[in-house]
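Participant: Chain F: place on chain R using the hints.
There are 2 protein chains.
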Amino acid sequence: MFDIPYKRIRGGVSAPREFFTSAVSCGIKNPKSDRLDLGLIFSERECTSHGMFTSNRIKAAPVRITQSAMRATPIQAIIANSGNANACTGPEGMRDARTMAKRAAKLLKLKQRQVGVCSTGVIGLPMPMQRIEPKIDSLVEALAPKSGGDVARAIITSDTHEKEFAISYNFEGQKIRIGGCAKGAGMINPNMATMLCFITTDAMIPQDCLAKGVDHAVQNTFNRISIDGDTSTNDTVLVMANGAAQNKPFRRNSKACKVFFHALEFVMNRLAKAIVRDGERVTKFITLNVQGARTQNDAKKIAQAVVNSPLVKCSWNGEDPNWGRIIHAVGYSGASVKEELVDIYFDKKIACEGGLKANTNPDVLRNIVRKKEFSITVNLNLGNAEYHMYTSDLSPEYVDFNRSEYAYWMQARKDGFID
Amino acid sequence: MFDIPYKRIRGGVSAPREFFTSAVSCGIKNPKSDRLDLGLIFSERECTSHGMFTSNRIKAAPVRITQSAMRATPIQAIIANSGNANACTGPEGMRDARTMAKRAAKLLKLKQRQVGVCSTGVIGLPMPMQRIEPKIDSLVEALAPKSGGDVARAIITSDTHEKEFAISYNFEGQKIRIGGCAKGAGMINPNMATMLCFITTDAMIPQDCLAKGVDHAVQNTFNRISIDGDTSTNDTVLVMANGAAQNKPFRRNSKACKVFFHALEFVMNRLAKAIVRDGERVTKFITLNVQGARTQNDAKKIAQAVVNSPLVKCSWNGEDPNWGRIIHAVGYSGASVKEELVDIYFDKKIACEGGLKANTNPDVLRNIVRKKEFSITVNLNLGNAEYHMYTSDLSPEYVDFNRSEYAYWMQARKDGFID
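The listed protein sequences derive, respectively, from chains R and F. Be aware that the first sequence starts at 0, since it is given in numbering that gives the first Met the number 0, and climbs by one per residue. Be aware that the second sequence starts at 0, since it is given in numbering that gives the first Met the number 0, and climbs by one per residue.
One or more hints might be untrue.
The list makes no distinction among identical chains, and a pair is therefore deemed to hold if it is satisfied within one copy or across any two copies.
[Claimed, not checked] Listed next, the in silico BS3-like pairs over lysine-lysine satisfying Cα-Cα at most 30 Å (straight line):
| no. | residue 1 | residue 2 |
| --- | --- | --- |
| 1 | Lys272 | Lys211 |
| 2 | Lys28 | Lys348 |
| 3 | Lys58 | Lys101 |
| 4 | Lys134 | Lys58 |
None of these hints come from the bench; they were simulated from the model.
Pulled out of the complex, with its shape left as it was, chain R reads as follows (with noise of 0.2 Å):
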């Protein structure tokens, strides 16, 4: 799109200029475990910012908390925890998610409401606010440069790695630097999922501009990304842009604008993918292309029937390449289908040609559902309209892995945090 070459940098969210980051250990899911699990990013200039949350209508206390103070001003910190979600927790989550916020904005000399905080974990505990509220002010006097690293790690889950991410590039003689962390791992589906991410940027950009550039390049990546059909509670995207590179504010509709929008994309997809690849016991990374669709909603609802169907998922885990539930599922997705026009691809090797099988030696079929990525092309041949997802396939390991929670639950109550 544009003839601007991207570096990679080390950092993540603390690769922008002027982020400090910073994580400790409370204990929140397991008081025995050291490991990071509250995670802090700081821009001491003043940021713009920008959030998007959960579809969800049962949302979190810290999903509330933060959407509703972003309505009024903008954020320049974001404390954020893994181990508790803080979802269905009632008053006492509303207020433990507010305590979390203002007690990191006295410290950072901030008013309450420009602290984003976010949670990620289990679903109906109280938060551990005894061992969570003492460890603030060790997490603010950590602040550091370039240590964005902790915060990816202290995010995460069931997620096997911490993911983060980060470009520079030059525009017009000025250097501008974005990064990004995110964790995800189950309840991955489209209009986010148990999904976190942060996203900074040296960038000088106003309010308004930002935040379309950030709907924008969600609805290009996060909202393509399906690993199990389930949404969460509390997925929030967090965006601050702290103007530290002293460029020339974007004007809208600008190329630099243009130019950055291109670069955020560019970060998210990278982010949305290793959510993905990274998801819960995923063995296989697909890309599915839906194309020749009367409109782009008819392709929207196909890409999202394969990528959600069970069947369908199952023969991708078996390395199976079976076009018959990839078109059985294209034809209950509601969209516009005429059945003998439809044509399959694995990678570009044609399964189903006119609704039928077709000729390629299965073999070759097979070898390429062996690899452990691949991309899928559904074109119905009725019209232009394109959609794509990133999707994975189903495991018995998955299931297995979700099976239960029932033993932490046992754990907790022997600790004596829950009744």
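Facilitator: Same frame as chain R, but now just chain F:
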């Protein structure tokens, strides 16, 4: 509703008077197997009949043929096979489905359009007509009373056992019999499934009246079951009424008619539940009740979101009384929800009260989900609308079972019945 006792009787679809059945083995899926895979149901008397068909836009050839035939005339015979779905088979598949109906019709001295034809099994393979066609003669010759069980056995695929059920009842001095058989197993979701169900009755009931009763009964039974959220290309419910009971024909809206509808729904409900209980690698049978919704549509949206959530279904498999995952599915269902009013019960024990963890001892809840069958009730406390569904857990074994049909395809290739 009506104080009329139903008597359970033997014979499935052959229980009602003057219905004849037979089944033979063609080796449709596997030429070396001698299991029954082609069945026939026949009434010498003319019938009234009604069919309901898959909502999938990709429709198998037999679905198209039968749907269009029944628009013109009632059927009085059904020929049905398992082992091959005759779906995604193009003009050749249409020819094959027509051939099956035509050949049976000729031998039964009927018109082709008086014979319904149904198939279930693998998608995308041509029908092995060279093995099916020669067997239709012996199929017709074998017609006998009281052999409904053979048809029930001939239509199953990955089901572990045949499913049939029949009752009789007396009303105003007349005895009416209703019998049915069904197959299910995978791809089970509302708007029918990879499901065949044949119902016979000796009631004399006008065509329009029968259609109305069947529609209503299917909405309340087969459209309320979900195993894996997939809706297949072949789902069909066919009902034939031959009038052999020689009752006074039911008048529309008469009590006799309502009593018959109730009995019809009773039979379908038993078969629908039997399909869920025999779902692929299912270990639990769950009745999900949604109550207190603003509209029935909202109640339905919530029921569908909960029964299709992989995370909820995994937790049932793990015998984890996890109401957090249930409320999160409630939240993303798209229905009107007030978090602070939501109550969730396992059987009659409250697990979540006003959106928060209730005080019920977790061991009590745990013992409920340990049972093979239990109910979950979600009360939104917003209105009076209700909806219920029957569903199952999702097991690692289900995923494993559905990983690959590739070995089967390779065998089919080796056997020379595909390229």
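Participant: If a hint holds in the structure, say so; if it does not, say that too.
Facilitator: Here is what the structure says about each hint:
Taking the closest pair of Cα atoms, Lys272 and Lys211 come within 30 Å of each other only inside a single copy of the chain (22 Å); across copies the shortest separation is 50 Å, beyond that limit. With identical chains, the CA atoms of Lys28 and Lys348 are at most 30 Å apart between copies only, with a shortest distance of 27 Å across copies and 47 Å within one. Taking the shortest Cα distances, Lys58 and Lys101 sit within 30 Å of each other inside one copy (20 Å), while across copies they are farther apart (59 Å). Proximity of Lys134 to Lys58 under the C-alpha cut-off of 30 Å is restricted to the intra-copy arrangement: shortest distance 26 Å within a copy versus 61 Å between copies.
Of the hints listed earlier, there is not a single one the structure fails to meet.
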